[in-house]
Amino acid sequence: MLTVLRVQKEPFDLATEIAPLTAGRSDIGALVTFTGLCRDEQGALSALEIEHYPGMAEKEIGRVITQAAARWPLEAALVIHRFGVIRPGEPIVLVATVSRHRSEAFAAAEFLMDYLKTSAPFWKKQHGDKAGAWVEAKAEDDAAAKKWRG
Amino acid sequence: MKALYFAWVREQIGLAEETIAPPPHVKTIADLVAWLKARGENYEAAFGNGRQIRAALDRVHVKPDAAIGPAKEVAFFPPMTGG
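For the record, the sequence lines run as chains A and B. What the first sequence shows, in my numbering, is residues 1 to 150, in sequence order. What the second sequence shows, in my numbering, is residues 1 to 83, in sequence order.
Hints listed in this document are in silico derivations from the structure and should not be mistaken for laboratory results. Worth double-checking, as some hints may not be accurate.
[Stated by the list, open to error] Just some of the chain B residues that point at chain A, by a computed CB distance under 7 Å:
#1 Phe6
#2 Val33
#3 Trp35
#4 Ala38
#5 Gly40
#6 Ala55
#7 Arg59
#8 Thr81
#9 Gly82
[As the list claims (entries may be wrong)] Straight-line distance between alpha carbons at most 30 Å, and here's what the computed DSBU-like set of lysine-lysine pairs gives:
#10 B:Lys63 with B:Lys27
#11 B:Lys72 with A:Lys125
#12 A:Lys59 with B:Lys37
[As the list claims (entries may be wrong)] Residues from chain A that face chain B, not an exhaustive set, calculated with beta carbons under 8 Å:
#13 Ile50
#14 Val93
#15 Val135
C-beta atoms are modelled at their ideal positions from N, C-alpha and C, and glycine is treated no differently.
Let the sequences and hints guide you as you build the complete structure.
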């Protein structure tokens, strides 16, 4: 399986990132991508500042990709997660999964996102009206990750 | 061992990392939290405010009852909010 895993400060371009995942392949039927964007709440947010644990962030994302590959027959998996200052409208995270059939690629992409949110060591701080406020973890994110167990 | 702090845990303690030498009776993550809390008001503020804190040993998530053992790096941080 082709794996791409990057934790970076710079923005990314969706088309550029996904092109190598299917290049030269004629046996692939599905490419699913998810892009998480920095969302403003009615003009209250000027930017998000994302802190991460270097080393562990890559390790946790790698572990989640390994779990996804064990559950579904994937031809490729990509995760890019940014850190640093990110403005509303900019991308934060990109997940892409490639498989022969669509159901595996859809499921694996959702699994990757659900687990990344609860296990990859990243923390969001808000700048703007709520300056200095750390984003609180949400119970529904834990619930989303738990639905894949058992 | 090296101790790392992230997000509001880092802000309340006032340090991103430090070297710590806990005494032999500190065997688990919960023991370590209790020992750190007694080190000063900033640690008390970070660990004693009733908010949830997670821990990792050598970059692997662990529960409070996990044995520290020969780990070289411990990290404390709030529940993750990436993605």
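### Query
Against chain B, with CB atoms and a cut of 8 Å, does the hint on A:Val135 hold up?
holds (4 Å)
### Task
Please verify that hint: B:Gly82, Cβ, nearest Cβ of chain A, below 7 Å or not.
holds (3 Å)
### Query
Does the interface hint hold: is B:Gly40 within less than 7 Å of chain A, judged Cβ to Cβ?
violated (22 Å)
### Query
Regarding the pair B:Lys72 and A:Lys125, is the alpha-carbon distance no greater than 30 Å?
holds (28 Å)
#### Entry: Interface restraint verdict for B:Trp35 against chain A (beta-carbon cut-off 7 Å)
Violated - the Cβ of B:Trp35 stays beyond 7 Å from chain A, reaching only about 22 Å at its closest.
#### Entry: Minimum beta-carbon distance criterion (8 Å), A:Ile50 to chain B
Holds: closest Cβ of chain B sits about 7 Å from A:Ile50, inside 8 Å.
### Task
Under 8 Å, Cβ to Cβ, is where A:Val93 needs to be relative to chain B, so tell me if that hint holds or is violated.
holds (5 Å)
### Query
Taking 7 Å as the limit, does the beta-carbon of B:Phe6 come near enough to a beta-carbon in chain A?
B:Phe6 check passes; min Cβ-Cβ to chain A is 6 Å, inside 7 Å.
### Query
Given the proposed pairing of B:Lys63 with B:Lys27, does the C-alpha separation stay at or below 30 Å?
holds (13 Å)
### Task
Classify the hint on B:Val33 as holds or violated, based on whether any CB of chain A lies nearer than 7 Å to its CB.
Hint violated; B:Val33 Cβ to chain A Cβ min 18 Å, cut 7 Å.
### Message
Min Cβ distance, B:Ala55 to chain A: is it shorter than 7 Å?
### Response
violated (11 Å)
### Query
At a threshold of 7 Å, is the proposed contact between B:Arg59 and chain A supported by beta-carbon distances?
holds (4 Å)
The structure shown violates the earlier hints numbered 2, 3, 4, 5 and 6.
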